[in-house]
Amino acid sequence: DAMVIQNPRYQVTQFGKPVTLSCSQTLNHNVMYWYQQKSSQAPKLLFHYYDKDFNNEADTPDNFQSRRPNTSFCFLDIRSPGLGDAAMYLCATSRELAGGSNEQFFGPGTRLTVL
Amino acid sequence: GEDVEQSLFLSVREGDSSVINCTYTDSSSTYLYWYKQEPGAGLQLLTYIFSNMDMKQDQRLTVLLNKKDKHLSLRIADTQTGDSAIYFCAEILGGGGNKLTFGTGTQLKVEL
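If you read the protein sequences in the order shown, they are chains A and B. Reading the first sequence from the start, the letters are residues 1 to 115 in the working numbering. Reading the second sequence from the start, the letters are residues 116 to 227 in the working numbering.
Keep in mind the hints are simulated off the structure, nothing from the lab. Note that CB positions come from ideal geometry on N, CA and C, so glycine has one too. Don't take every hint at face value.
[Unchecked claim] Capping the alpha-carbon separation at 27 Å, the derived lysine-lysine pairs in DSS-like fashion look like this:
hint, chain 1, residue 1, chain 2, residue 2
1, B, 182, B, 151
2, A, 38, B, 151
3, B, 214, A, 44
4, A, 17, B, 224
5, B, 185, A, 52
6, A, 38, B, 224
7, B, 214, B, 183
8, B, 183, B, 171
9, A, 44, B, 185
10, A, 38, B, 182
11, B, 182, B, 214
[To be verified] With the C-beta cut set under 7 Å, the calculated list includes, among others, these residues of chain B facing chain A:
hint, residue
12, 124
13, 130
14, 146
15, 154
16, 158
17, 163
18, 164
19, 192
[What the hints assert, rightly or not] Some chain B residues well away from chain A (every beta-carbon gap over 12 Å; in silico):
hint, residue
20, 121
21, 132
22, 136
23, 141
24, 143
25, 145
26, 152
27, 160
28, 162
29, 172
30, 176
31, 198
32, 226
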């Protein structure tokens with residue numbers, strides 16, 4: 001089945017130790033997104049890739065970076081995690097078509113714990 | 116600001132209908148979506164509605180859109196315990212782009 005896969009599902013890191021979360025998709029969608037969702041809050045968009053073009057949200061901290069080496073994979077790098085970065089990180093994909101519904105399909109998320 | 120608002124909690128009995136409401140802000144939104152999130156999981160797209168529609172029905176789900184009042188609702192008929200989750204409405208802001216703005220989420224609890 002076509003899907004969005006996130007690894008790992010649970011990640012524990014230490015304060016200040018770089019961490020990478022990964023996302024892959026078999027949907028062949030041209031847009032990939034990273035969201036941060038803190039407890040009892042709505043998901044908040046960090047950035048997205050439209051094909052190879054990177055689009056950062058204005059309020060995304062510099063501590064968060066992303067890479068998209070090919071259509072299928074996208075990575076979220078947190079350079080120096082702080083306690084406030086503990087959250088669920090959701091990857092999503094969509095096929096951007098003019099006039100289309102452009103619905104986003106989400107992976108199961110990676111829950112990040114920072115000790 | 117761009118706030119999409121929902122009531123925080125809804126409790127219903129199994130077999131009853133649930134109605135989850137959402138007030139959005141951007142009158143130029145082209146599509147509005149409903150997502151379901153179970154504990155510890157990602158978001159599952161339930162349904163969406165195009166802005167030139169008033170209503171969309173999909174099995175037990177009915178979406179109503181009132182553009183004049185910027186009000187969106189999701190009705191779940193014959194609510195089951197498996198429907199217990201958090202429900203988010205979301206809009207894509209006008210002016211193009213891919214940014215989804217989510218509502219605050221409504222936690223639906225289905226009681227026996």
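Here is what the structure says about each hint:
Simply put, residue 182 of chain B and residue 151 of chain B have alpha-carbon atoms about 23 Å apart, close enough for the 27 Å limit, and the pair holds. With a CA separation close to 16 Å, the supplied pair residue 38 of chain A and residue 151 of chain B stays within the 27 Å bound. For a cut-off of 27 Å, the pair hint linking residue 214 of chain B to residue 44 of chain A stands: about 10 Å separates their Cα positions. The hinted pair formed by residue 17 of chain A and residue 224 of chain B fails the criterion: a straight-line CA distance of about 39 Å is larger than 27 Å.
The suggested pairing of residue 185 of chain B with residue 52 of chain A is violated, with an alpha-carbon distance near 35 Å, which exceeds 27 Å. Pair hint residue 38 of chain A plus residue 224 of chain B holds up; C-alpha atoms about 21 Å apart against a cutoff of 27 Å. Pair hint residue 214 of chain B plus residue 183 of chain B holds up; C-alpha atoms about 23 Å apart against a cutoff of 27 Å. Only pairs whose Cα atoms come within 27 Å are accepted, and residue 183 of chain B paired with residue 171 of chain B is accepted, the gap being roughly 17 Å.
Between residue 44 of chain A and residue 185 of chain B, the direct Cα distance comes to roughly 22 Å. Compliance with the 27 Å bound is thereby established for this hinted pair. Taken as a hint, the residue 38 of chain A and residue 182 of chain B pair is broken in the structure, with Cα atoms around 30 Å apart against an allowance of 27 Å. The suggested pairing of residue 182 of chain B with residue 214 of chain B holds, with an alpha-carbon distance near 20 Å, which does not exceed 27 Å. The interface hint given for residue 124 of chain B is broken, as the beta carbon of that residue sits about 11 Å from the closest beta carbon of chain A, more than 7 Å.
About 28 Å separates the beta-carbon of residue 130 of chain B from the nearest beta-carbon of chain A, more than 7 Å, and the hint is not met. Among the interface hints, the one on residue 146 of chain B holds; its C-beta lies about 5 Å from the nearest C-beta in chain A, closer than the 7 Å criterion. The interface hint given for residue 154 of chain B is violated, since its Cβ lies 11 Å from the closest Cβ of chain A, which is over the 7 Å cut-off. Contact between residue 158 of chain B and chain A, as hinted, is supported at the beta carbon level, the nearest pair being about 4 Å apart and thus within 7 Å.
With a cut of 7 Å, the hint placing residue 163 of chain B at the interface with chain A holds, because the nearest CB-to-CB distance is about 6 Å. About 9 Å separates the beta-carbon of residue 164 of chain B from the nearest beta-carbon of chain A, more than 7 Å, and the hint is not met. Using the Cβ-Cβ criterion of 7 Å, the hint placing residue 192 of chain B at the interface with chain A is not satisfied: the shortest such distance is roughly 22 Å. Once the 12 Å rule is applied to beta carbons, residue 121 of chain B is inconsistent with being away from chain A; the minimum gap is 9 Å.
Interface exclusion of residue 132 of chain B from chain A stands, the closest Cβ pair being 25 Å apart, more than 12 Å. Distance check for residue 136 of chain B against chain A: the nearest CB is about 16 Å away, which clears 12 Å, and the non-interface claim stands. Even its closest Cβ contact with chain A, about 15 Å, leaves residue 141 of chain B beyond 12 Å, as expected for a residue assigned away from the interface. For residue 143 of chain B, the condition that its CB be more than 12 Å from all CB atoms of chain A holds, with the nearest at approximately 15 Å.
At roughly 9 Å, the least C-beta separation between residue 145 of chain B and chain A is not larger than 12 Å, which violates its mark as non-interface. Not every Cβ of chain A is farther than 12 Å from the Cβ of residue 152 of chain B; the closest lies at roughly 9 Å, contradicting the non-interface assignment. For residue 160 of chain B, the non-interface assignment is contradicted: its Cβ lies about 5 Å from the closest Cβ of chain A, within the 12 Å cut-off. The beta carbon of residue 162 of chain B is not kept farther than 12 Å from every beta carbon of chain A, the shortest such distance being approximately 9 Å.
In this structure residue 172 of chain B is separated from chain A by more than 12 Å, as the shortest Cβ-Cβ distance comes to about 17 Å. Every CB of chain A lies more than 12 Å from the CB of residue 176 of chain B, the least distance being 15 Å, so the non-interface label holds. With a closest Cβ-Cβ approach of about 18 Å to chain A, residue 198 of chain B is found to remain outside the 12 Å limit, as its non-interface label requires. The claim that residue 226 of chain B is not at the interface with chain A holds, since no C-beta of that chain comes within 12 Å of its own (minimum 21 Å).
Comparing the model with each numbered hint stated earlier shows that hints 4, 5, 10, 12, 13, 15, 18, 19, 20, 25, 26, 27 and 28 do not hold.
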